[in-house]
Amino acid sequence: MQSRIRAAVSRRKLLAGLVLAPLALSGCLPVRQGGASQGRVVIVGGGFGGATAARLLRQQAPQLDVTLVEQSSHFYTCPFSNLVVAGLRPISDIRQDYTGLMAAGVRHVRRRAIDIDPVSRQLVLDDGSRLAYDRLILSPGIDLRWDAIEGYDARAAEQVPHAWKAGPQTLLLRRQLEAMPEGGKVIISVPDNPYRCPPGPYERASLIAHYLSRHKPRAKLLILDSKDRFSKQSLFMDAWQSQHADRIEWVGLSGDGKVVRVDPERREVETDFTSRHRASVLNVIPPQKAGQIAARSGLTDASGWVPVNPQTFESRHAAGVYVVGDACIAAPMPKSGFAAGMQARSAVAAIIADLTGQSVTAPVLSNICYSLVAPDYAISVGGQYHVDGGELLLTAGTDHLSPLQASMPLRRSEAQAASGWYRATTADIWGH
Amino acid sequence: MLRWVLLLSLIVAPVCGAAEDQKGLRVQLPGLIEDGAQVPLRIHFDAPMSPGEYLQRLDVLAEQNPEPAVIGFEFMQAVMPVRLATRIRLRESQRVRVIARSSTGRIWHTDVDVRVAVSGCLMGPVPQAAELQMHSPRVAMPEAGQAGEVRTQIRHPMENGYRDGVRDHSISPSRVQYLHVSRANQPLMSAEFFAGMAAHPYVSLWLNDTRALSFSWEDLDGRLIQH
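Going line by line, the protein sequences match chains A and B. Numbers 548 to 979, taken from our numbering, label the letters of the first sequence in order. Numbers 75 to 301, taken from our numbering, label the letters of the second sequence in order.
Simulated from the structure, these hints should not be mistaken for laboratory data. None of these values were measured; they are calculated from a predicted model. We treat Cβ as the ideally placed atom computed from N, Cα and C, and that holds for glycine. You can trust all of the hints, since none of them are fake.
Across the chosen pairs, the derived CB separations fall in these ranges:
| hint | chain 1 | residue 1 | chain 2 | residue 2 | range |
| --- | --- | --- | --- | --- | --- |
| 1 | B | P140 | A | S667 | 49 to 59 Å |
| 2 | B | R297 | A | P715 | 48 to 58 Å |
| 3 | B | H209 | A | S789 | 25 to 35 Å |
| 4 | B | E141 | A | A792 | 33 to 43 Å |
| 5 | B | L298 | A | P715 | 48 to 58 Å |
Sequences and hints are given; from them, build the entire structure.
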């Protein structure tokens, strides 16, 4: 198991795995002369899924036109944003921009995509203009369900941050932690599955507890969870027990941990069975759904997420439209940045094969989620996936989880591996 | 756009609770379940009834569970419409069936196909079932006897004696067997819990009148806790 972890995180391997290996091209490539385009690929969303797709398309099929539709000039990654919350890194460390992709020949359209016309194969932008595509990749990420918890809407989030999309919300939570009184209480409300980054809330709790132990030693942290079980639970619990025994309290679903109401003025929450908890700093991570354009264009099902063909990540409802990342239904793959990048590769492989006639080997889908429990203490979970009978399944024998009993050097080396993963991946995707 | 998608639908995949509804009986389950140990189930029954007829029984069956019986509701008084929510266990992808029977013997049934995945980020070991006594009963009710949702829960691991779908005879089943709800000392509803009921049994019921309600839970050994 450990060797698998190490293999997965060696930077060299990672680079190869990320960019080159999955798109092993074979057979005769019908290369066009004169640089005429063989097709237009439009990508919506510049996060892990969309930016990976843009990068790979330019590398593997330079004869295709690639347009990235992304309103912002930059992107703050959710991975490593908990380090910013805990004051361990400046937010500039998690800022990525699109200049590298533009230098690689990606056209960046600074607009918000609002709808799809799958008949004429056009993407509708917020200024009413339309972009024609031959293949469309959507990587719109998540939207927060403002109707799920009474009292918690976009306006409430200005007082009570979710910080589940990195950026200003991350900094708001950071500032509130800095300003909280000495003996204050932090409450984190965690939703039921599925949601972005399953272990993320627990990493956040760990790193906030680390901050509190240094700067507000009398402060406490309460996690109110809508689930009874969570990702890497025994590893987190073990670390909390040994490092933050009196600081972190976790209350699961059956202990009445499900938050149903929020009073943002009082920073108070109420649970399913009417317990009330008041916080000095309240962080509500609400239930989520696929990013807006997915629902607007009719690609989502009743769950609010997008059903896709797990082989290619093409929408089950619209031909030529591929949906990757948090927005799609890919369980048992978790909604992670790593998984989004892998799914983007599957979609790109299918699109290149489709548009250019090249024979493309589909990548092996895999995932690794690192979680930092302290700056030099990380744990991980990972696995590979395959498609059988039209369903995505975890491949037996490929799953790994950090051992429960482990030496500090192993935890430290996993923390280094996590940083290495972040550096290498972001450089591959957004770098110059 | 929505219209076009309907026209263009390539594959109709039963991804989200493709319920084969029979008029009057609606069943809601997530189409894709990430953790089969706690699956939220909602049942809504509002079929037209003849005078004096009322919904008497509702049964939930999961055919691919090692024991298909999940939960049965018995109504001793007319409650209309019936809106119930609970949490169940599903071992694998399967068809869940809900059967309703009225006091005159009419039958309704609805099937829902669900897929159970265990997310790769959810591989933690199952927590130990150390505590086999019922404790911490909870009830949440609308204020001042108004109409609304009544939620109930009691803590118990609901040990069904199965491990990986196989009966482990070294483990004795231990569970809460009944939840009884009464109004003004008259029995209103009983829920019977079977092996497919999730740990810490949770039942919510919508009632027009929530005055003078009392609740009791009974385990397999006949112990009672009242609330």
